[in-house]
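Student: Under the numbering used here, the first residue of the sequence shown is numbered 62, with each subsequent residue one higher.
It is worth saying that the hints were derived from the structure and are not from the lab. One or more of the hints may lead you astray.
[Stated by the list, open to error] List of simulated lysine-lysine pairs, DSSO-like, C-alpha gap at most 27 angstroms:
#1 Lys69 with Lys361
#2 Lys359 with Lys257
#3 Lys257 with Lys346
[Claimed, not checked] Ranges of calculated distance between the beta carbons of each label pair, as one might list FRET restraints:
#4 Gln131 with Ser221: 30 to 38 angstroms
#5 Leu411 with Glu339: 22 to 30 angstroms
#6 Lys69 with Ile408: 37 to 45 angstroms
#7 Lys345 with Lys69: 56 to 64 angstroms
#8 Lys277 with Leu411: 39 to 47 angstroms
#9 Asn106 with Leu420: 32 to 40 angstroms
#10 Gln227 with Glu313: 48 to 56 angstroms
#11 Gln156 with Pro226: 20 to 28 angstroms
#12 Leu149 with Gln373: 34 to 42 angstroms
#13 Ser343 with Thr219: 33 to 41 angstroms
#14 Asn229 with Glu339: 28 to 36 angstroms
#15 Arg418 with Ser398: 15 to 23 angstroms
#16 Leu149 with Val330: 35 to 43 angstroms
Glycine included, every Cβ here is placed at the ideal spot set by N, Cα and C.
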Amino acid sequence: MKKQIVLKKNEEKRLISGHQWIFSNEIEKIHGTPEVGDVVELLRNDGAFLGIGFYNPHSLIAFRLLTRMQEEIDADFFLHRIEQANQLRERIYPQATTYRMVHSESDFLPGLIIDRYNEYCALQISSAGMERATPLICSALETLFHPKAIVARNDANTRSLENLPQENKILLGTPGETIYNEENIHFAIDILKGQKTGFFLDQRENRKALRRYVAKKSVLDCFCNDGGFGLHAAAAGASEALGIDISEATIERAKVNVRLNSLNVNFIVADVFDYLKELLRSQKKFNVIVLDPPSFTKNKRTVATALHGYKQLHTLALQLLTDDGILATACCSHHISEEAFLSTAQIASLKVGRSVRLLELHGAAPDHPVLPAMPETRYLKFAIFAVQ
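Whenever a hint applies, use it, and build me the whole structure from the sequences.
Tutor: Here it is as structure tokens:
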């Protein structure tokens, strides 16, 4: 007997409009006995075929669409999908060998992220079905790229939603350090220990955008991670660049990148909120402040708390900016809307008696594409404000 999921009446509308998830409360009945991670058919309430995807009875997202066609989900399927995704990246960054190769639902491979770092590949898997398909994914990568190593960076909290363990492991070869060249700035990448899968590739275009505002200016890079914004600022002629992050290990990686580029960037290990308050007391000012915090919310329940955090952060930063300053600020949670995020800067500006004008508004780099039918795929907001 085929393994099939039958939807309740009219619950297919979101899927037909381009979304790729079916939630557990939208299912009417199940044929066969599909297990966690099994490939199943999805049927409309009247029995009409809708698609094929992964099933997980223990997840709120019970079904993740793989295809709207009747086709086998086998080695050739994954080879073709990954090859298609990579061809798009070759058009976006023709000479690059480091980029987001597969961006999950946006490349029609739900629950799978693949980042390429030169001769290495890093996977991040967030669905049980894709976890079971890991050998097929690795086989496709070997066929297409012959990587020296493939690692699984499966330490994201979202894996717990699918009852998957958080772990990092080597899937192929022996990983080592590699160098990522971004606008002639070099970053040492450790795909087993670096942030995310090794680096924050989603901010690459935003780091470039910042450069036009920093010549002969003092720059404060908050939540600096591996020093990306600070290094770009220094390379673009900033008179001073200071990075702050609470992680000692992260700051050590940032210092390696400074030495690699022979640029003048200083770093401090500190809690950003506490350090900004200390700067206020000392009356220190900066011409440009960058705020790139980790996500303040992982779910809808804590959105109000997260917005309060952004207001507090913007309030502190706006008081530390000189007249005609620049505030560059980011939000990486899809639960926070663009409008809500921008409003936190406006509210903060009124609170401290400053005015803000939006100069630029960006998302993630184009190798992190967005599906208009899936707002969840549009997570990163990056705004540059002129402050008076």
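Student: Determine for every hint whether it applies to the structure shown.
Tutor: Structure-based check of each hint:
no.: 1; hint: Lys69 with Lys361; verdict: holds, 25 angstroms
no.: 2; hint: Lys359 with Lys257; verdict: holds, 15 angstroms
no.: 3; hint: Lys257 with Lys346; verdict: violated, 32 angstroms
no.: 4; hint: Gln131 with Ser221: 30 to 38 angstroms; verdict: holds, 33 angstroms
no.: 5; hint: Leu411 with Glu339: 22 to 30 angstroms; verdict: holds, 24 angstroms
no.: 6; hint: Lys69 with Ile408: 37 to 45 angstroms; verdict: holds, 41 angstroms
no.: 7; hint: Lys345 with Lys69: 56 to 64 angstroms; verdict: holds, 59 angstroms
no.: 8; hint: Lys277 with Leu411: 39 to 47 angstroms; verdict: violated, 30 angstroms
no.: 9; hint: Asn106 with Leu420: 32 to 40 angstroms; verdict: violated, 50 angstroms
no.: 10; hint: Gln227 with Glu313: 48 to 56 angstroms; verdict: violated, 23 angstroms
no.: 11; hint: Gln156 with Pro226: 20 to 28 angstroms; verdict: violated, 38 angstroms
no.: 12; hint: Leu149 with Gln373: 34 to 42 angstroms; verdict: holds, 39 angstroms
no.: 13; hint: Ser343 with Thr219: 33 to 41 angstroms; verdict: holds, 40 angstroms
no.: 14; hint: Asn229 with Glu339: 28 to 36 angstroms; verdict: holds, 35 angstroms
no.: 15; hint: Arg418 with Ser398: 15 to 23 angstroms; verdict: holds, 20 angstroms
no.: 16; hint: Leu149 with Val330: 35 to 43 angstroms; verdict: holds, 39 angstroms
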